[in-house]
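Novice: Sequence:
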Amino acid sequence: QGLIRAIGMSTKTTRGGLWTVENTDVIMATRNSSDHTDDPVLDRALELNKGVIIKKGLQSGHADTKAGGGGIEEALNYVFSHQAVSCLIAGTINPEHLIQNAKIVSAINGVRVK
Numbered sequence: 001q002g003l004i005r006a007i008g009m010s011t012k013t014t015r016g017g018l019w020t021v022e023n024t025d026v027i028m029a030t031r032n033s034s035d036h037t038d039d040p041v042l043d044r045a046l047e048l049n050k051g052v053i054i055k056k057g058l059q060s061g062h063a064d065t066k067a068g069g070g071g072i073e074e075a076l077n078y079v080f081s082h083q084a085v086s087c088l089i090a091g092t093i094n095p096e097h098l099i100q101n102a103k104i105v106s107a108i109n110g111v112r113v114k
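Going by the numbering used here, the first residue of the sequence shown is number 1, and it counts up by one from there.
Among the clues, some could well be false.
[Unchecked claim] Using 25 Å as the maximum straight-line C-alpha spacing, the simulated PhoX-like pairs for lysine-lysine come out as follows:
#, residue 1, residue 2
1, 56, 12
2, 55, 103
3, 56, 103
4, 12, 55
[Said to hold, decoys possible] Pair by pair, the computed Cβ-Cβ distance ranges are:
#, residue 1, residue 2, range
5, 87, 40, 37 to 45 Å
6, 108, 3, 31 to 39 Å
7, 23, 71, 35 to 43 Å
8, 92, 35, 17 to 25 Å
9, 83, 35, 12 to 20 Å
10, 48, 74, 23 to 31 Å
11, 53, 107, 19 to 27 Å
12, 4, 86, 15 to 23 Å
13, 60, 86, 33 to 41 Å
14, 22, 110, 17 to 25 Å
15, 92, 47, 29 to 37 Å
16, 109, 70, 34 to 42 Å
17, 14, 100, 15 to 23 Å
Hints listed in this document are in silico derivations from the structure and should not be mistaken for laboratory results. Here a beta-carbon is modelled for each residue, glycine too, at the ideal position from N, C-alpha and C.
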């Protein structure tokens, strides 16, 4: 019936990620300054023009300087420094943090946010 436009999967291993990139439309992969294991998956996704959703980009809150990380802006710059990245899933209970994060990503991508 055409109800499903795209399929994908969140993976835990590089091998699983590479399989997913080859066989689906989109992958949810990990990318942050402490975890580079999915970089080969992102490279292959770029070659195949597949969608990439990043999980753990803010290291479950540990990217914040208050938690000992290098800062949210640094973390977001790192996540979006790979051309394959389509978007990031960032959880928060603070709407202001979400707005700040969106403004940072918009600046990285050269887009204005009101």
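Novice: So, for every hint listed, does it hold in this structure?
Specialist: Tested hints:
1. 56 - 12: holds (12 Å)
2. 55 - 103: holds (19 Å)
3. 56 - 103: holds (19 Å)
4. 12 - 55: holds (11 Å)
5. 87 - 40: 37 to 45 Å: violated (20 Å)
6. 108 - 3: 31 to 39 Å: holds (34 Å)
7. 23 - 71: 35 to 43 Å: For residue 23 and residue 71 the Cβ distance comes to about 37 Å; the hint holds.
8. 92 - 35: 17 to 25 Å: With Cβ atoms ~20 Å apart, the hint holds.
9. 83 - 35: 12 to 20 Å: 18 Å Cβ-Cβ, so the 12 to 20 Å window holds.
10. 48 - 74: 23 to 31 Å: holds (29 Å)
11. 53 - 107: 19 to 27 Å: holds (21 Å)
12. 4 - 86: 15 to 23 Å: holds (18 Å)
13. 60 - 86: 33 to 41 Å: violated (21 Å)
14. 22 - 110: 17 to 25 Å: At roughly 31 Å between Cβ atoms, residue 110 and residue 22 fall outside 17 to 25 Å, so the hint is violated.
15. 92 - 47: 29 to 37 Å: holds (33 Å)
16. 109 - 70: 34 to 42 Å: At roughly 20 Å between Cβ atoms, residue 70 and residue 109 fall outside 34 to 42 Å, so the hint is violated.
17. 14 - 100: 15 to 23 Å: violated (32 Å)
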